[in-house]
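Peer 1: All chains should be built: construct the whole structure from the sequences, respecting the hints.
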Amino acid sequence: MKIHEYQAKSLFWEYGIPTTTDIVVSSPEEAAQAAETLGLPVVLKAQVHVGGRGKAGGVKVVSKPEDVAPTAEAILGLTIKDLPVRKLLIASAAEIRKEVYLSLLIDRGASKVVFIGCADGGVEIEETAKKSPEKILRFEVASKSLGGLTREECLPFATRLLPDPKNADEAAGIMVTMARMFIERDCSLIEINPLIVDGSGSVLALDAKVLLDDNALFRHPENLEFAKVETDGEDAKSNSNGLSFVQLDGQIGCMVNGAGLAMATMDIVKHFGGSPANFLDVGGSSDPRKVVGGFQLILADKNVKVIFLNIFGGITRCDDIVKGILEAREQFDVTVPIVIRLAGTNEEEGRRLLQGTDMIIAQSLEQGARKAVEIGKN
Amino acid sequence: MSILIDQDTRVIVQGITGRDGSFHTERMLEYGTKIVGGVTPGKGGQEVQGVPVFDTVAEAVAATGANTSVVFVPARFAKDALLEAAEAPLKLVVCITEGIPTLDALIAYEALKAKGIRLIGPNCPGLTSPGKAKVGIMPGHIHKEGRTGVVSRSGTLTYEIVASLTAGGIGQSTCIGIGGDPIIGSRFIDLLPLFEADPETDSVVLIGEIGGQDEVVAANYYQRSMSKTVVAFVAGLTAPPGKRMGHAGALVGGEDETAASKIEKLEAAGIPVARIPSEVPKLLSLAKMGYTHASA
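Chains as they are written, first to last, in the numbering used here: chain E, 1 to 378; chain P, 1 to 296.
Read the hints as simulated data drawn from the structure, not as lab findings.
You may find that some hints are simply not true.
Taking CB as the label site, the calculated pair distances span [said to hold, decoys possible]:
{"id": "1", "chain 1": "P", "residue 1": "Met289", "chain 2": "E", "residue 2": "Gln363", "range": "25 to 35 Å"}
{"id": "2", "chain 1": "E", "residue 1": "Lys130", "chain 2": "P", "residue 2": "Gln46", "range": "31 to 41 Å"}
{"id": "3", "chain 1": "E", "residue 1": "Ala129", "chain 2": "P", "residue 2": "Arg76", "range": "30 to 40 Å"}
{"id": "4", "chain 1": "E", "residue 1": "Asp120", "chain 2": "P", "residue 2": "Thr56", "range": "24 to 34 Å"}
{"id": "5", "chain 1": "E", "residue 1": "Arg160", "chain 2": "P", "residue 2": "Gln49", "range": "53 to 63 Å"}
{"id": "6", "chain 1": "E", "residue 1": "Thr357", "chain 2": "P", "residue 2": "Gly140", "range": "45 to 55 Å"}
{"id": "7", "chain 1": "E", "residue 1": "Thr335", "chain 2": "P", "residue 2": "Thr56", "range": "50 to 60 Å"}
{"id": "8", "chain 1": "P", "residue 1": "Glu87", "chain 2": "E", "residue 2": "Arg86", "range": "29 to 39 Å"}
{"id": "9", "chain 1": "P", "residue 1": "Gly171", "chain 2": "E", "residue 2": "Arg86", "range": "50 to 60 Å"}
{"id": "10", "chain 1": "E", "residue 1": "Tyr15", "chain 2": "P", "residue 2": "Gly44", "range": "18 to 28 Å"}
{"id": "11", "chain 1": "P", "residue 1": "His141", "chain 2": "E", "residue 2": "Arg86", "range": "43 to 53 Å"}
Derived, one-sided and incomplete: chain P residues facing chain E with beta-carbon distance under 10 Å [stated by the list, open to error]:
{"id": "12", "residue": "Gly99"}
{"id": "13", "residue": "Ala105"}
{"id": "14", "residue": "Ile137"}
{"id": "15", "residue": "Ser152"}
{"id": "16", "residue": "Ile184"}
{"id": "17", "residue": "Tyr221"}
Each residue gets a CB set at the ideal place from its N, CA and C atoms; glycine is no exception.
Peer 2: What follows is the structure, encoded as structure tokens:
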């Protein structure tokens with residue numbers, strides 16, 4: 001789960017990772033007021049869930065009071081990589097003596113928790129990684145030792161980032177706190193880019209990016225507070241039903257069990273000249289209510305001309321899926337044709353339940369996809 | 001022959017009394033798998049499908065001589081179940097459970113690895129050696145005995161492709177679903193050498209998807225060290241970049257992680273890549289005759 005910079009910084013404050021004092025606003029008037037409170041110059045930063053916002057004009061430094069509101073208005077009017085800017089973070093512009101990159105993340109390739117650092121921080125970190133990979137520093141930590149990491153253990157790594165002993169000591173302290181927050185809050189990523197030495201010689205996080213593990217939400221009900229703010233689309237809504245849903249712009253509504261098969265189903269629809277309306281994985285369990293929830297999501301999209309269900313049962317039982325479809329047809333006014341392909345666990349039981357309905361039964365994925373594409377074109 | 005499991009594999013089921021655990025215990029028994037015991041804390045002494053249930057993994061292994069465990073324990077308790085398995089003299093642990101917190105999976109993986117126990121999964125369908133044993137949830141009837149290995153990051157997409165292999169007359173030596181989570185016990189690179197070394201596997205089907213670098217690592221390994229035929233399928237060509245598509249692992253990040261880029265690198269390494277799942281059997285037959293491109 002992605003959270004916004006201002007939310008990540010609230011976690012930094014809670015844990016004691018030194019960072020800037022910021023104010024979150026959603027209008028030009030509030031921005032002007034915040035700038036007055038903080039004192040100029042200030043930085044205005046768009047709060048969107050994408051990288052590269054600086055390059056897209058989403059981050060501006062303002063020194064004159066009369067410029068704050070117009071600049072805020074301009075940024076609030078931006079759409080960065082398809083995402084509208086709804087909130088701004090107003091921060092005092094810090095004097096930067098030195099900036100470095102520091103993150104803690106799960107490296108899936110190596111199956112390790114690892115600190116990544118680079119003495120050249122800033123917006124070009126990805127370029128640096130490509131051109132001079134030797135500048136990217138790694139410090140691997142055994143997952144079970146994460147909570148007990150000490151400043152002494154972090155100091156050699158911190159010293160390579162910030163050689164000055166006082167700076168290095170502060171950075172090592174920040175690393176210890178990052179590790180504690182990582183394990184206590186089930187993070188997948190804590191990224192500080194840049195970590196700076198400011199005008200007074202203190203080390204602090206100028207930016208904050210945090211990803212939280214969706215699978216750990218059951219033990220972090222507090223993390224749902226972050227999600228509430230960003231629930232503005234179907235994508236987020238679906239997660240609460242245990243479904244994984246992504247809206248696309250085609251005509252063929254797809255409902256599939258399993259993410260890989262769902263992607264392959266979209267791919268094959270496209271391969272035969274159709275266009276998928278969505279990605280929807282009803283998951284690996286066998287709950288008819290998920291199918292009902294899936295229908296609700298798909299039917300909300302008025303572009304959908306046909307629904308293609310592709311179910312290959314393993315842990316999911318075909319008859320449970322069909323029960324969900326029949327239930328959905330009772331609850332909702334389903335006017336679009338349904339093409340269904342059933343295979344695997346309890347396939348026969350599922351087919352029996354389909355008898356006497358007007359659903360189009362396909363014998364294979366390929367046949368089902370062709371049929372759905374054909375209907376979608378009319 | 002086969003890899004990892006066969007007719008002599010002795011399996012315990014952790015979480016055997018749950019809905020999925022008991023249902024799939026029955027299916028595994030029907031397939032002929034030697035399910036010798038089950039574990040559910042507090043339910044020792046009961047029986048499920050005629051299989052004795054124990055309170056702990058240690059008791060179950062001591063009483064039954066099991067060498068393999070399959071885990072159906074719900075996500076929030078899965079870490080403890082896996083750590084318990086790590087303390088037992090097992091060879092293989094197959095974790096079916098989905099939705100395990102990543103840090104829990106990592107802690108369990110590190111503990112099992114330290115004891116030399118191989119982990120398959122989590123969030124996977126398990127594995128089947130057709131005609132010998134199935135440990136996990138793959139539908140038994142889709143398989144046919146044969147000499148093609150299958151290794152896949154997906155669950156249901158594996159069934160799709162295995163079924164098309166069987167329909168095309170191509171049997172399988174062992175089919176493994178490795179799981180789609182960020183942290184998994186065994187990756188393509190860990191399993192391809194086992195297929196390469198297995199005298200009764202002639203060829204391998206590799207099923208990948210967007211996210212991560214594993215297919216690229218596998219392509220490099222193939223080019224360097226494999227003599228057997230490998231063909232592939234990669235799901236996610238239509239996946240919009242940057243969207244989460246169900247698996248935590250399936251995030252499109254850099255250029256290397258898109259389906260298109262993976263297909264390009266697999267093909268450059270000499271691995272033919274099917275464009276639709278039903279094309280895999282034909283491609284495999286062609287590849288064995290020496291053709292290395294889908295267009296051949």
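Peer 1: Now tell me, hint by hint, if it's right for this structure.
Peer 2: Evaluation of the provided hints:
no.	hint	result
1	Met289(P) <-> Gln363(E): 25 to 35 Å	holds (29 Å)
2	Lys130(E) <-> Gln46(P): 31 to 41 Å	violated (58 Å)
3	Ala129(E) <-> Arg76(P): 30 to 40 Å	holds (36 Å)
4	Asp120(E) <-> Thr56(P): 24 to 34 Å	violated (53 Å)
5	Arg160(E) <-> Gln49(P): 53 to 63 Å	holds (58 Å)
6	Thr357(E) <-> Gly140(P): 45 to 55 Å	violated (28 Å)
7	Thr335(E) <-> Thr56(P): 50 to 60 Å	holds (55 Å)
8	Glu87(P) <-> Arg86(E): 29 to 39 Å	violated (50 Å)
9	Gly171(P) <-> Arg86(E): 50 to 60 Å	holds (56 Å)
10	Tyr15(E) <-> Gly44(P): 18 to 28 Å	violated (43 Å)
11	His141(P) <-> Arg86(E): 43 to 53 Å	holds (52 Å)
12	Gly99	holds (5 Å)
13	Ala105	holds (9 Å)
14	Ile137	holds (5 Å)
15	Ser152	holds (8 Å)
16	Ile184	holds (8 Å)
17	Tyr221	violated (14 Å)
Against the hints set out earlier in the document, violations occur for numbers 2, 4, 6, 8, 10, 17.
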